[in-house]
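Same order as they appear, the protein sequences are chains Y and W.
Per our numbering, the first sequence starts with residue 4, numbered consecutively.
Per our numbering, the second sequence starts with residue 31, numbered consecutively.
No lab work stands behind these hints, which were simulated from the structure alone.
Fair warning: there could be bad hints in the mix.
Some, not all, of what chain W presents toward chain Y, calculated at C-beta under 8 Å [unchecked claim]:
| # | residue |
| --- | --- |
| 1 | Arg-66 |
| 2 | Phe-70 |
| 3 | Ala-111 |
| 4 | Phe-116 |
| 5 | Ala-121 |
| 6 | His-122 |
| 7 | Gln-123 |
| 8 | Arg-124 |
| 9 | Phe-137 |
| 10 | Arg-141 |
| 11 | Thr-144 |
| 12 | Tyr-146 |
| 13 | Leu-155 |
Derived DEER-like restraints, expressed as beta-carbon distance ranges [what the hints assert, rightly or not]:
| # | chain 1 | residue 1 | chain 2 | residue 2 | range |
| --- | --- | --- | --- | --- | --- |
| 14 | W | Cys-43 | Y | Pro-35 | 52 to 62 Å |
| 15 | W | Gly-140 | Y | Arg-100 | 33 to 43 Å |
| 16 | Y | Asp-58 | W | Leu-157 | 42 to 52 Å |
| 17 | W | Arg-36 | Y | Gly-70 | 38 to 48 Å |
A short list of chain W residues far from chain Y (calculated; beta carbon distances all over 10 Å) [what the hints assert, rightly or not]:
| # | residue |
| --- | --- |
| 18 | Arg-35 |
| 19 | Ser-39 |
| 20 | Val-82 |
| 21 | Val-83 |
| 22 | Val-86 |
| 23 | Leu-89 |
| 24 | Gly-92 |
| 25 | Val-100 |
| 26 | Asp-113 |
| 27 | Ile-120 |
| 28 | Met-126 |
| 29 | Gly-131 |
| 30 | Asn-142 |
| 31 | Leu-150 |
| 32 | Leu-157 |
Here a beta-carbon is modelled for each residue, glycine too, at the ideal position from N, C-alpha and C.
Residues per chain are reported as follows:
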Amino acid sequence: MAVAEASRSALDDADPARQRPGFLDAGTLPQPAPRLSADLPRSGRRSVVFFTRPDGLDDLCRSLATGRLAQRADLAVVVSGPGKCGGVATINDPVARFGRAYGLDRPRTGGPPVGYAVLDSRGLIRYRTLDPTVAEHPGEVDTIVRAVP
Amino acid sequence: MNAVRRARSLRLCLWCGATVAVEVSLYLSYRGHDARFHWFTHFFVGASAALVVMAVVTLRTGRAVASPLVWPLLGHVFAMAPDLLFAGGIAHQRWMDVFLGHISSHFVPGRNLTWYAVFLAALVLYLAAVDRSAQR
Chain Y
4 MAVAEASRSA LDDADPARQR PGFLDAGTLP QPAPRLSADL PRSGRRSVVF
54 FTRPDGLDDL CRSLATGRLA QRADLAVVVS GPGKCGGVAT INDPVARFGR
104 AYGLDRPRTG GPPVGYAVLD SRGLIRYRTL DPTVAEHPGE VDTIVRAVP
Chain W
31 MNAVRRARSL RLCLWCGATV AVEVSLYLSY RGHDARFHWF THFFVGASAA
81 LVVMAVVTLR TGRAVASPLV WPLLGHVFAM APDLLFAGGI AHQRWMDVFL
131 GHISSHFVPG RNLTWYAVFL AALVLYLAAV DRSAQR
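The task is simple: from the sequences and hints, build the whole structure.
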């Protein structure tokens, strides 16, 4: 257990039970999602809002470009610095305002969160988690999205 | 007589080796998803439940159970069953707590340290049951 704990990422949640729980409506959820822009989130469409840092943006965008997630939900990327994500709506948020507004935990070593939130078609946050390796397993996000109405 | 004992030991070793190999592969599958915390939780919970059952069976039959490493493995696989479903594209739901508290077991105070203590207590219980049955 000590070895597993020592090898955790600096971007992981301080409480591992709260990271990638795999079920909807944990804790105080569901709750209304703050607006990211005039268009997002859209009523009647599920949404996934990814939170990342500039150094993880390329991997995330590559993963989103090759996956089928966009067919099931509107996608948005909030990046805590400069950068764009191809055809995906990108919000530059250097002060991590949206990370706090969406209620994502702070990583164990602080700084902006890296993870995602899944919104249902009524604009409610149903799932949120830190996940520094989300680009490696988009299928997991897809599983959550399919569980959301 | 020695040959019989040797064959029995070999069979026991095969069971032990197979069980350990399965547990290692399960652990590696969780490591691949950066979710080792979950492996520990379900291992401790499943193995603890199995050890309690093993203790009861031992006390009732007056004999230690056969293939004692396999029981905790089965308990572990039962406790982690929803993770197998998740890998197949089915998200977790609250009712999945029927699998030895698959959802809520992660949120006990003390997290995995608590389950480690429970596991040790269950192990002591089983060993005490074996000791008692041997003294009969």
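Here is what the structure says about each hint:
1. Arg-66: Hint on W/Arg-66: holds, closest Cβ of chain Y at ~4 Å, below 8 Å.
2. Phe-70: holds, 6 Å
3. Ala-111: violated, 13 Å
4. Phe-116: Holds, because the Cβ-Cβ distance from W/Phe-116 to chain Y comes to roughly 6 Å (cut-off 8 Å).
5. Ala-121: Status holds, d = 4 Å.
6. His-122: This interface hint holds because 4 Å falls under the 8 Å limit.
7. Gln-123: At about 6 Å, which falls below the 8 Å cut-off, the nearest Cβ of chain Y leaves the hint on W/Gln-123 intact, so it holds.
8. Arg-124: holds, 7 Å
9. Phe-137: Since chain Y brings a Cβ to about 5 Å from W/Phe-137, closer than 8 Å, the hint holds.
10. Arg-141: holds, 6 Å
11. Thr-144: violated, 11 Å
12. Tyr-146: Hint holds; W/Tyr-146 Cβ to chain Y Cβ min 7 Å, cut 8 Å.
13. Leu-155: violated, 21 Å
14. W/Cys-43 x Y/Pro-35: 52 to 62 Å: holds, 59 Å
15. W/Gly-140 x Y/Arg-100: 33 to 43 Å: Taking Cβ atoms as reference, W/Gly-140 and Y/Arg-100 lie about 34 Å apart, which means the hint holds.
16. Y/Asp-58 x W/Leu-157: 42 to 52 Å: Cβ of Y/Asp-58 to Cβ of W/Leu-157: about 51 Å, so the range 42 to 52 Å holds.
17. W/Arg-36 x Y/Gly-70: 38 to 48 Å: violated, 55 Å
18. Arg-35: W/Arg-35 is indeed farther than 10 Å from all Cβ atoms of chain Y, at 37 Å.
19. Ser-39: holds, 31 Å
20. Val-82: Label holds. Min Cβ-Cβ 21 Å, cutoff 10 Å.
21. Val-83: Correct as stated: the minimum Cβ-Cβ distance to chain Y is 24 Å, above 10 Å.
22. Val-86: Given that every Cβ of chain Y is farther than 10 Å from that of W/Val-86, nearest at about 28 Å, it holds.
23. Leu-89: At about 30 Å from chain Y, W/Leu-89 clears the 10 Å cut-off, so the statement holds.
24. Gly-92: holds, 35 Å
25. Val-100: Consistent with the label, W/Val-100 stays out of reach of chain Y, its closest Cβ about 23 Å off (over 10 Å).
26. Asp-113: violated, 8 Å
27. Ile-120: Non-interface label on W/Ile-120 violated, nearest chain Y Cβ at 7 Å vs cutoff 10 Å.
28. Met-126: violated, 8 Å
29. Gly-131: W/Gly-131 clear of chain Y: closest Cβ-Cβ about 12 Å, beyond 10 Å.
30. Asn-142: violated, 6 Å
31. Leu-150: holds, 13 Å
32. Leu-157: Label holds. Min Cβ-Cβ 21 Å, cutoff 10 Å.
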